[in-house]
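*Asks:* Construct all of the structure, not just a fragment, from the sequences and the given hints.
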Amino acid sequence: MVSKVVTVVNAEGMHMRPAGIIAKLAKEHPDSEVIMKANGKDIKAKAVMQIMAAGIKKGTEVELVVTGGDEQAVLDEFVKLFEDGFGE
Amino acid sequence: MTTLRGKGVYGTIALGRISVFTRKEASVKRTHIDDIEAEKARLAAAKEKAVKQLQEIYNKALKEVGEANAQIFEIHMMMIEDEDYNDSISSIIETQSVNAEYAVAVTADNFAAMFAAMDDTYMQARSADVKDISNRIISCLSEEESESRSSDEKVIICADDLAPSETVQLDKEKVLAFVTAFGSSNSHTAILARNMNIPAIIGVGEELLNSVRNGDFAAVDGYTGEIFVDPDEETKSRLERKRTEDEEKKRLLQELKGKENITLDGTKVNIYANIGSVENIGAVLANDAGGIGLFRSEFLYLESSGYPTEEQQFAAYKRVLESMAGKKVIIRTLDIGADKQVDYFNLAKEENPALGYRAIRICLTRTEIFKTQLRALYRASAYGNLGIMFPMITSVSELEKILAICEEVRNELIADGIQISDKVELGIMIETPAAAIISDRLAPMVDFFSVGTNDLTQYTLACDRQNAAIEQFVDTHHEAILRLIEMSAKNAHANGAWIGICGELAADTSLTETFLRMGIDELSVSPSFVLKVRDAVRRCDLS
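Protein chains in written order, with numbering that gives the first Met the number 0: chain A, 0 to 87; chain B, 0 to 542.
Warning: the hint list may mix true and false statements.
Each computed DSS-like pair below joins lysine-lysine, with the alpha-carbon atoms no more than 25 Å apart [claimed, not checked]:
(1) A/LYS23 x B/LYS48
(2) B/LYS48 x A/LYS26
(3) A/LYS56 x B/LYS317
(4) B/LYS59 x A/LYS23
(5) B/LYS249 x B/LYS153
(6) A/LYS36 x A/LYS57
(7) B/LYS28 x B/LYS48
Listing some non-contacts, in silico: residues in chain A with all C-beta distances to chain B over 12 Å [unchecked claim]:
(8) LYS3
(9) VAL4
(10) ASP30
(11) LYS36
(12) GLY39
(13) GLU60
(14) GLU62
(15) VAL64
(16) GLU70
(17) ALA72
(18) LEU74
(19) GLU76
(20) VAL78
(21) LEU80
(22) GLU82
Listed next, the stretches of chain A that the computed footprint assigns to chain B, with coverage defined by at least 3 CB atoms under 8 Å from CB atoms of chain B [what the hints assert, rightly or not]:
(23) 13–24
(24) 41–51
Since the hints were derived computationally from the structure, they do not count as laboratory data.
Remember, predicted model here, so these are calculated numbers, not experimental data.
The beta carbon of each residue, even a glycine, is placed where N, CA and C say it ideally should be.
*Replies:* The structure is reproduced here in C-alpha cells:
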C-alpha cells in the first residue's frame, strides 16, 4: 500500500468532469484499488457518483491510497492529475 | 392569442407550428419476479444497450457541440457503470424479488435525492443527470425505442424540460425553437441550445403545457422570452419584421465582422459589449466586440439565495476572463439597491431608493462583502486582462477608501503567494453629476472613466427613469448631459486616463459622431448593437 496527500487546486473542486477523469483512470488499473480519503470519507476512485456526491471543494486535502497492482506508478498518475488541476 | 412568458436563454425569433415533446412516461410498476438471475441478465442487457446508445449520442454531440460539451455523455456512461449505483439496483432486485425497472427507478430516486440535498447548485442540478440515465435504462428494459420524432416541417419544441440527451437526439435541422416549462440557465439544455444556435426559452411555468397543443401556430421571441400562441395578425407581422431585421443584422454581421472600428478620417475607437451574465459571452464573441466594457456582477448575487462565496465568484470571473482570451474585461463591482433588490441583503425599504443605500454605498459600509468580491476579482486577474469598475461614485474620499481597500486586498493575496496580475486597471462609473463635475479631481486617481448615461440622465434631469408619466421630460440628448460627458472626457485625457460610455446612449448612433468628437475612447453596448455602432463609426468623418 502506498499513499500521498494532495490538495485540490482546480477552482471548481471535484465536479462532474474531474470525477469522470478520476473514475476513468481508476478503471484503467483494475488490479489496483484506489481510495481517496477526504472530508472524513473513504471514496472509491472508480465510483464516479461517490466522488461527485462527496462535494470536494478547492483547497481540500485528499489522501490517495493505492493497494495492489503497480502501486507506486498508479499513485503517481493520480497525484499528477490532482496537481495539474485535471487540466483545468 | 395567448401570450406566455419565460426566460429567453438564446435570442432570435421563430414562427412555426408547435410540437409538444412527450416522453413515454416511464410509469414503472412494481412486479414480483421469481427468477432473480434472469432479471439481472435482463438488466445487464439493458445497460449494455443504454451505454451503446450513449456512445452514439456522444459521437453525435462531439461533432455538433464539441468535446467539452459532449463530455457529459461520456460521464453518463460511467454513471451507468457506477458500482454503488449498480450495487443498489442489484440488491433491490435480490432482496425484494422485484423487477429491474422498479429497482432502477427506486435507485434513481435515492441518488437524485442525494444530489438534490447538496449545498451546491451545480451538484443539485446533477440529480437530473441521474434521472436521465435511469430513464434510459428503464426504456431499454421496456425495449421501447424513444419514438423518432420525424416530421418534415420545422417545429417549435415545447416540453416540461429536456434532458441533455434528449436535446442532442433531436434532429436540429427540424427544430425552430425550444420552449420549456422548467429548467435553469445552468442546465445542459440551455447550454447546448446556445451552442446549437437554436432560440430557447426556459421557465415558462406549468401553464405552458396546458396552453399549447400539437400543431398550434406560435411566434417565439427569444430576446424577450415571449411565446405568442395563435398570434393575431399584428403580432405575427411584428415578429416577422423582427425576424427580418434579425436576418438583416446577420447580413451586416457577415460584412462587418473582423473590420476595424475606424472613422473615414482614421480615428479609431474601441467598441466593447455590456453583459450581465457569463452566458452572454457567446453573444459578445459572435458579434465581434473588442472586449467587455461592462460586466454587471449583480447576477452572481441575484441568482444566489445567499452571499456568493469567493470561490463561486472567482470561478465565474475566471471563466469570463479566459473566454475572452486576453481581450479587455471590465467587471463592475456589486451594484444592487434601487431597482435591483436581493432579499438576503435585508435592505430597508426606502422613500427614494435611487438616492438611497445602493452600490458602492453598500460596499463601503459592509466591507466584508466588498472584500470578498475584490479578492475573487484579483485572483481571477491572473487569467486575462481585467479592469475593475466602481459604481455610484460621488466624491474623492469615497474613491480614496476604495483604493485603500483594493491595496489591502492585493497585499493580502500577494502575502498568501497567490498569483495576481499587476496590470489590473481601476476605474469608476461617471453616473452622478457630482462625479462629472469633480472629474478633474477623480481622473488622476484612476485608469479610466465609464459614463453610465442612464443614471447620469436620471440624476441630472431629476427624472425617475422608471416613471412612465414623465417620459416626455426625459431628454436623453439634453445639453446638460452632453456637457457633463464632454467635461469628463477632457479631464480624463488631461490626466492620462481613458474614457468610455457604457450606458444606453452609447448605442444611440445619432450621437456617435458627437461622442467621437469629444474624444470618447470606448463605446460599450449590448452585444447585438456592436456591429450597428461599428457601422456608424465607419461612416463618421471628423475631419
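*Asks:* Hint by hint, note whether the structure agrees.
*Replies:* Hint by hint, here is what the structure shows:
no.	hint	result
1	A/LYS23 x B/LYS48	holds (20 Å)
2	B/LYS48 x A/LYS26	holds (20 Å)
3	A/LYS56 x B/LYS317	holds (16 Å)
4	B/LYS59 x A/LYS23	holds (21 Å)
5	B/LYS249 x B/LYS153	holds (21 Å)
6	A/LYS36 x A/LYS57	holds (15 Å)
7	B/LYS28 x B/LYS48	holds (21 Å)
8	LYS3	holds (22 Å)
9	VAL4	holds (19 Å)
10	ASP30	holds (16 Å)
11	LYS36	holds (17 Å)
12	GLY39	holds (16 Å)
13	GLU60	holds (16 Å)
14	GLU62	holds (20 Å)
15	VAL64	holds (17 Å)
16	GLU70	holds (21 Å)
17	ALA72	holds (23 Å)
18	LEU74	holds (21 Å)
19	GLU76	holds (18 Å)
20	VAL78	holds (21 Å)
21	LEU80	holds (15 Å)
22	GLU82	holds (16 Å)
23	13–24	holds (count 7)
24	41–51	holds (count 7)
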